[in-house]
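Chain by chain, the residues:
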Amino acid sequence: MTLFLRLLARSATGQEFTVYNTLSSGPRREGDQDGPENFHVVLVDNGRSEMVGSQFQEMLRCIRCSACMNHCPVYGAVGGHSYGWVYPGPMGSVLTPKMIGIEKGAALPNASTFCGKCESVCPVRIPLPKLMRHWREDEFSKHLTPKQPAMALAAGHSWPSVRHCTGSSPSFPAGV
Amino acid sequence: MSRAEIFANIRRGLGREIPTDEQRQTVQNRLRAKADNIIPARAQLPQPQQIELFKSMTTEAAAELIELDSIEQLPAACDNWLATQNLNEFICASDPQLAGLDWSAVKAAKEERVAQVGDMAALTTSFAGIAETGTLMLYSRAESPTTLNFLPDNHLVVLHEKDILGVYEEAWKSCATIARPTTAC
Ligand code: SF4
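Protein sequences, first through last, are from chains A and B. Residue numbers 26 to 201, in the numbering used here, belong to the letters of the first sequence in order. Residue numbers 3 to 187, in the numbering used here, belong to the letters of the second sequence in order.
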């Protein structure tokens, strides 16, 4: 744990350490003046356990430091809300299609120049461009790729520039 | 999704069966061993230099340091500092270390209780200072409830020089020797 606490603030804001960390070990004991009466640990899976053993397993190492976002030229230009879901930036481009399906989240892994900055700054060395590429392959193999880029791919043109020309945008479920 | 389903998914993903007693024992031994990971060289220093590092790191983190020659000087130091901030009251842990001091000459009103909305200053002790990053480690207990640590706007913390350690790993080990706290921060 200490290793990851050391990595978190340094990668996020360049601080020596997070301003405040609390470790909770249970409900209040007899004599305690404050603290919770009950203590519950809620595991939110949301598809994460299915990533174990898959080609996306490496994404589970993410400590949400946001270094990949801070260095991403796409994120810098479009901002967090454009990602349309809980997780923005390069890590969101890998995680979001897992949560909402590639059918709805395909624009995210496609909105990358693959400059590789995210991978080079990630403190837990997640190969983000490789994982985004897996999503592009998945989209292509499911015949979800819009016609124009699919034709360009077949003709050997560069993908991001052609994708840009199509003007396609992410399509998210209402309310997210 | 139940806990059992989540664990089953993880096992399937890792290609593992239900662990045997031997495998369980291996994991338990590893957890019990509490082996250190990489420890930064920065704070692996003789104690006098650790103290200097702690001071520079806490100052960098915008803390204000007041050095006292003895704990008996604490009531007056608190009173002076509160006066400079225009504060005339504070809440205090009912820590025997603090309760044993002479607070009779202190002008600010002192109360021993949990923190509430609107409290401006709290006084507690800390059992470890970590030189590596200038961090204070505190733990909750009956005489020092955890709300004192983060609700009031100002937190006055007493730390003895002898309790300044180099790195987190040393502080966790020291924390583990104390009866299980509800929170450590
Ligand atoms: S992917 Fe890496 S850099 Fe991005 S938030 Fe997660 S840990 Fe940080």
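To be clear, the hints were calculated from the coordinates, so they are not data collected in a lab. Glycine residues also receive a C-beta, built at the ideal position from the N, C-alpha and C atoms. There may be inaccurate statements among the hints.
Covered by chain B, according to a simulated footprint, are these stretches of chain A (three or more residues, beta-carbon under 8 Å) [to be verified]:
| no. | region |
| --- | --- |
| 1 | 48-60 |
| 2 | 69-76 |
| 3 | 122-128 |
| 4 | 155-162 |
Structure versus earlier hints, numbers of those that do not hold, lowest first: 3 and 4
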